[in-house]
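K.L.:
Between the sequences and the hints, there should be enough to build the whole structure, so can you do that?
2 protein chains.
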Amino acid sequence: MIEQLFKPKSIAVVGASSDTIKVGNILFRNITSSFSGKVYPVNNKSESIDGIAAYKNLKDIKEPVDLVVIAVPRDAVPGVMNDAGAINAGAAIIITSGFKETDQHGAELEEQIMSIAKAHKIRVLGPNTIGIITPEVNATFAFADVKKGRVAIVAQSGGLGVYMLNWAQQSNVGISYFISLGNQADVDETDSFQFLSSNVETRAIFSYIEGVSSGQKFLSTLPDITRRKPIIFLKGGMGKTGAAAVKTHTGSVAGSMDIFRAAVRTVGGIFVDNIEDMLNLAKIVLSAEPISEDILIVTNSGGHGVLTTDAIDREGLNEIELPESVKHDLLNVIPAQSTPRNPVDLSGDADYKRYNSALDIVKDLDCTKIVIVQSLPMVTCSDVARAIMNYRGKGVIGVTMGLDQNSASKLLDSVSIPAFIFPEDAVRSIKYMANRPNPIKKIRTIEPINQAKELVKGKNYIKDFEAMKLMEIYGIKTPAYAIAENAQDAKSRADDIGYPLVMKISPDTPVHKTDVKGVIMNVEKDMVESSFNELNYSRVIMQAQITGAEIFVGGINDPVFGPSIVVGIGGIYMEVIKSLSYGICPVSEDEAYQMIRESKILSMLTSRNRDYDINSTVRTISKISNMLIDLNIKEMDINPLIVNEKGAFAVDVRIIL
Amino acid sequence: MIEQLFKPKSIAVVGASSDTIKVGNILFRNITSSFSGKVYPVNNKSESIDGIAAYKNLKDIKEPVDLVVIAVPRDAVPGVMNDAGAINAGAAIIITSGFKETDQHGAELEEQIMSIAKAHKIRVLGPNTIGIITPEVNATFAFADVKKGRVAIVAQSGGLGVYMLNWAQQSNVGISYFISLGNQADVDETDSFQFLSSNVETRAIFSYIEGVSSGQKFLSTLPDITRRKPIIFLKGGMGKTGAAAVKTHTGSVAGSMDIFRAAVRTVGGIFVDNIEDMLNLAKIVLSAEPISEDILIVTNSGGHGVLTTDAIDREGLNEIELPESVKHDLLNVIPAQSTPRNPVDLSGDADYKRYNSALDIVKDLDCTKIVIVQSLPMVTCSDVARAIMNYRGKGVIGVTMGLDQNSASKLLDSVSIPAFIFPEDAVRSIKYMANRPNPIKKIRTIEPINQAKELVKGKNYIKDFEAMKLMEIYGIKTPAYAIAENAQDAKSRADDIGYPLVMKISPDTPVHKTDVKGVIMNVEKDMVESSFNELNYSRVIMQAQITGAEIFVGGINDPVFGPSIVVGIGGIYMEVIKSLSYGICPVSEDEAYQMIRESKILSMLTSRNRDYDINSTVRTISKISNMLIDLNIKEMDINPLIVNEKGAFAVDVRIIL
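Those sequence lines, one after another, are chains A and B. Residues in the first sequence are numbered consecutively from 1, following the working numbering. Residues in the second sequence are numbered consecutively from 1, following the working numbering.
Everything labelled a hint here was simulated from the structure, so no lab data went into it. Only true hints are included.
Identical copies carry no separate label here, and so any pair may be met within one copy or between two of them.
Below, computed lysine to any residue pairings styled on SDA-like, alpha-carbon distance capped at 20 Å: (1) Lys22 / Tyr352; (2) Lys56 / Val39; (3) Lys148 / Leu403; (4) Lys463 / Ala482; (5) Lys646 / Pro479; (6) Lys394 / Leu365; (7) Lys600 / Gly571; (8) Lys513 / Arg610.
What you are looking at is a predicted structure, and each value in this text was computed from that prediction instead of being measured.
P.N.:
Quick look at the structure:
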């Protein structure tokens, strides 16, 4: 049972050792020094470990064992697992490495271990893990005496996990749980999140993830967790080189970065770009200060104010305007000749009293107050920290810069007011928190329209005119079109479409029509016959030539997260500008709107006083996201979807099933 | 003389005070405690200051005074300056604030002071300055006992200057000069850089700048300085809100951010985005380690390796491939079952010896080695720092993460090896240094071609066909064109151009032709007459309709830096994607190449196997940059410049003189 892993009452340590530089010793010492329950060292060569009588074999223990911690050579692990089964242990932590992350033999061993575990219903953490720390026990070979706190750390990399542990140790943060996932042969990130979501000792979860084991489990489980407490994600393997490194690192398959990011947003997680952002964000997450995207700056240095407003601008936050009454009151506080405004510049000779008076005037404004102090002979950072502490709970954040910045930070830390050394870090952290996404639960009902099901049945590739038909079935607009198999056909049907029109070859297999010169644009009435002959193809599709903004809509079936959609600015610049946004299907119209905003499609639809149909665009994206699920589409390109005043029109559609 | 400001032999302090919380006291104490030359306190109310006999008036001092430091109320400053003139002082530092940065009366006072200074040939620092620190004296009201070092700090914001001072104090950096520029009524950033360039006590210059006083002086002086020592720029007022704050802050007019950034690149300066980047970069700048964009990672944590390769990827640096021989040697060092590759993963049980052996194997590779340690029970950060120190000068950089990271950093600091806590910071700093631009001197010879001079003489606006002519004079390609004033004209000239062609109205004043429906595209032979009639305009320009990539080229006469040029992806997405690059005129072909790369025009010219004419594009940009200087053009738009296999063609040109 997973409870026996996370809340064990008794622990056996197999491979416990007396050799103080061995993992088996550090582990055993950490456990015995932290755990108040019963601990059984198991070692087939020693009589006792650190003065505690050792067992030769797990099976020699006659009392109930909840958790077995294993640190023996890899080939000995299956035997230990069998023994664990024999004594009815509920969970195992396999510290040993050298399994699927290493070689074929290791992968086979790991499979063997897992089938033993399943047979005996033993939940397994690892292999290749640093271990686990709970409020009751430190079952890791990291350092001892971990500071207790309210942050849970879930890490797929042991090294980064330990780093986060160190950070929690050094700062005022402290941890509730530390879970090093290792190879995740059984217990994975979602299992851990799920346990932590109802754990009252945990306030927030920080997670370093290199890959998600089950996208479906992740998508369905996390929205309920992030509603209860924040989960912050730092993902490894973001660049292309990084992705290669991940593969060998823990043997996990790194899903596409962009889709992972979209998945995190969907489930309401906070995605951070780097470890420093993560550590900074923790200060905000763990404080009780209300955070808003509206910001007021109070400082004794104009230059610091300038840098901070720059950062606010860059991150898209909002610098508030001061109400007249507040301006009026500030006149009594700021030096003569100064203008009360945001940033409130208290001037270089400001002291504790001036800071305190200014904060008293602005304390009830509904905004986040970044209070910056540059230490000067007139004021220390600690003086100002003490002034800030008078306004705890009023949305205050301290930025202390100067000789005593560290002691000022500690003061603020001690009352859980976020404290930073750089204003840019404060602003970025506020952005992450203020823009925290709403969790969305993806319900993937597969309910294909009958007509559509018929149309795609048994096909791998959908021909162009069939794709047009499919669009119509789903209520997606297409330009007027017709099929012609000879010049006479073409001439007679062209009139119905109207001019100018586009004539394109209509092949039975996927072909890039432009590449084979299979497209003629600007066809007027008198050119239809000659154009047909020029194309010299058995079947030709004719389409009304429409103008507008060109958008790209793509569909993919991600190996981890399933049907996903990408939209972007299309046309000839597509590959150059890569202005894209990803979503997990199904995508609601609201989500589609966020996507066209993120990808700058929205700007394109509205720039130069254009009045292109935004509603039709988001509706189309949402419909396509449903189609991707319904028809189990493997790959799909709509390139372009042309949007003008009359709507969004699918002009060229490629579908692979 | 400026030497009397930067290397004074005697100093008078006007406004010296005995009241320990007053600026006049802190200043006086800082000077007397640091300076070995003669110091004269001047105070019209006190007999003595801190036990030193005070003078009622500057004129009472009968010995020579190099530098007068002034901290009296603003209205008293002109009188003091007159006295300084009377005793032949060479320089003055005006600490007092409340001048042009405050109000009209202050601005008038500042003017009055400067005319006195000029009359007496007194060089002035300030007003509204914190003061100056030199290797011989601390003439500021910041803190005393400044750590001596090799970094000069030049700051337009007192607060940020003091912050940089604090940073230098706390780290191992130490400073040679600290110059708080204040309002720059006389001595400005370039004067300061110039003095520091030949100052042997200074190795690098760090500068916080909110505006440049004279763009021309900056452009002509700095390339020679950056060739001798690095200048790092942090500019305030980057966002729009920030820009407003600057205006009132020191009364300087913030030039356009993008052009300032281009100017810094041109003169070979390093432009950093924020103060944290600046402080991190200092570690690299001040070390003697060779820095390259090729990077090798050595670590004991796979996760840290992943994050670092991610950062390398993001910043566009290069992760090297290990030579076979090195891989072979590493096999003796890394754990069995591991693969030798970059990142070199020494594994969690690596100790000092393993780090040292690995570094010994890779030490002679021509690359920067980022050595990362995650402290674990097997190894401390300090252990690894000691291993790194064995390879000083081999391009080593330490990233120490964990419990003793600070002491490890200090160890590395003590031998000037760059030390970081976050791998991302290390990578960013390497990028800044490895991509440091070559200084380019802008020679602005104004040599307009006679024909061009004739063409623009006396005009404010250049008509479209005149602009085409101007392009030809400068050797810039245009599509074949002709002017028609009646339908008959049009018909007879269209044949010479060829079909299809574009017909556009040709007005005498600047008009957005598309907005007034003054453009007809795709005109075939039989449509010329009807199109002319449809335009219904007294003069029409006909152009060959060419296709290709659409580029935007703009010219501006920047109030600070003069003629400047901007290029970007053109067409309908221009405003949406804003993929731009700026340059200071004249722009060489090499610079133009960098600009089209930065703006992604280059990707556009080469994507999808296009073979569009890159040479013609850069040549055109370079020629236009010369034209902007020659003809003193105020504003110019080429939109679009169409580039295809045959060259770059100026299609639509607007010029305002």
